[in-house]
Amino acid sequence: MFLNYFDRFAVMQTSQNKSWTIAFVAVLLVVPTAANAETIEAFTEPYLRVALPSPENGVIEKVLVKEGDSVTKKQMLAKLDDAVLRSSLELALAARNATGALEISEADVEMKQQQLDSYRTLQKNGNATPRELARSEMELSQANARLQSVREEQELRHLEYQRVKQQIRQRHLESPIQGVVIAIEKQVGEFVSMTDPVVMQIVQLDALKAVFSVPRRAAIGLESGQMISLDLGYDGETCPGEIVFVSPIANPESNTVRVKVRIANGKREIPSGVTCRWTLPSRSMEATPITTQVSRR
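Residues 714 to 1010 in the numbering used here are what the sequence shown spells out, letter by letter.
Just so you know, not all the hints are guaranteed correct.
[What the hints assert, rightly or not] Straight-line Cα separation of at most 25 Å, SDA-like style, residue types lysine to any residue; simulated pairs: (1) Lys775 <-> Ala932; (2) Lys878 <-> Asn770; (3) Lys973 <-> Pro953; (4) Lys792 <-> Asn810; (5) Lys779 <-> Gln917; (6) Lys775 <-> Ile956; (7) Lys825 <-> Ser801; (8) Lys786 <-> Gln875; (9) Lys973 <-> Pro910; (10) Lys878 <-> Val893; (11) Lys878 <-> Gly781.
[What the hints assert, rightly or not] Cβ pair distances, simulated, as ranges: (12) Arg930 <-> Asp794: 45 to 53 Å; (13) Arg882 <-> Val957: 39 to 47 Å; (14) Arg930 <-> Phe756: 54 to 62 Å; (15) Pro766 <-> Ala814: 22 to 30 Å; (16) Pro910 <-> Arg971: 49 to 57 Å; (17) Ser862 <-> Gly979: 53 to 61 Å; (18) Ser937 <-> Ser862: 51 to 59 Å.
I should point out that these hints are in silico values taken from the structure, not numbers from a laboratory.
In this text the structure is predicted, and so the values were computed from the model without any measurement.
Note that beta-carbon positions come from the ideal geometry of N, C-alpha and C, so glycine has one too.
The whole structure should be built from the sequences, with the hints applied where relevant.
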């Protein structure tokens, strides 16, 4: 029976016990190579999704875009009412530009310096006492201190002016990304509060992402920057993708690793929300040598 399964055998007969010994050596059983390719699915999504908030309470004065509009980074999209702040800005500007106190202090310092120089000349000629000279020096020091105080006040007024300008700028809502407006949550005249600050939703579509749950055994060797091939939609159109994140931890329930892939979409030809399939690299089982010896007496 064993002759059907092995490549070589030897039969040996001895004169003492008349028994047969069948030895089978150098037997190699090879398990055939088996393809183990696996395909996993995800969906394309906007690479970024931003819920644009207002940093301050206020009433919407203008909405400058509508749903579906393409926007650029730093483009102004909406504006809160800023009438009160603009009045404050005018006052701050006037205070910043006021120079009367500064001119008076500078003139006072100059006069006190001249008086001190005169006392020093008089003292050399014996016409001024040391007490008069000391008093003049003290008056000059006080005048310099008043001038420094005025200059510091000027700097504070300048900073106040910049602060009000920044407050007005915060009431101008700008897009943080280049993308498309997909929802406007607040209309003109509505109040925006810190408990409900979102004004509109913006998505980035010139790049998409797909987040896959990759079996842990297949995730070995995957790393950021690696390029892969993806099949999109029902037609299976192929496009490249770049791995941008491989989670360092696995989900213990599913034994999978989260992998995020970036898909370039500069012309916006790939829609968001379509099926995205990734055929993982094939793995094969290696041939296993097994040596067996069977004896029969």
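Hints, one by one, checked against the model:
Using a Cα cut-off of 25 Å, the hinted pair Lys775 and Ala932 is violated, with the two alpha carbons roughly 49 Å apart. Between Lys878 and Asn770, the direct Cα distance comes to roughly 17 Å. Compliance with the 25 Å bound is thereby established for this hinted pair. In summary, the hint linking Lys973 to Pro953 is supported, as the alpha carbons are separated by about 13 Å, within the 25 Å threshold. Proximity of Lys792 to Asn810 is assessed by CA-CA distance (about 28 Å); at most 25 Å being required, the pair is judged violated.
With a CA separation close to 16 Å, the supplied pair Lys779 and Gln917 stays within the 25 Å bound. For the hint pairing Lys775 with Ile956, the CA-to-CA distance comes to about 41 Å; that exceeds 25 Å, so the pair is violated. For the hint linking Lys825 to Ser801, the alpha-carbon distance of about 38 Å lies beyond 25 Å, and the restraint is violated. Annotation: proposed proximity of Lys786 to Gln875 holds, straight-line Cα distance about 24 Å (limit 25 Å).
For the proposed pair Lys973 and Pro910, the alpha carbon gap of about 29 Å is over 25 Å, so the pair is violated. For a cut-off of 25 Å, the pair hint linking Lys878 to Val893 is broken: about 29 Å separates their Cα positions. In summary, the hint linking Lys878 to Gly781 is not supported, as the alpha carbons are separated by about 31 Å, beyond the 25 Å threshold. Restraint check, Arg930 to Asp794: a C-beta distance of roughly 59 Å breaks the suggested window 45 to 53 Å.
Distance hint check for Arg882 and Val957: the Cβ-Cβ separation is about 33 Å, which falls outside the suggested range of 39 to 47 Å. Remark: the range hint 54 to 62 Å for Arg930 to Phe756 is contradicted by a beta-carbon distance near 24 Å. As the Cβ distance of Pro766 to Ala814 is approximately 42 Å, the hint placing it in 22 to 30 Å is violated. For Pro910 paired with Arg971, a C-beta distance near 30 Å fails the hint of 49 to 57 Å.
Range check, Ser862 to Gly979: Cβ separation about 59 Å, and the 53 to 61 Å hint holds. As the Cβ distance of Ser937 to Ser862 is approximately 57 Å, the hint placing it in 51 to 59 Å holds.
In the structure shown, a violation is registered for the earlier hints numbered 1, 4, 6, 7, 9, 10, 11, 12, 13, 14, 15 and 16, in ascending order.
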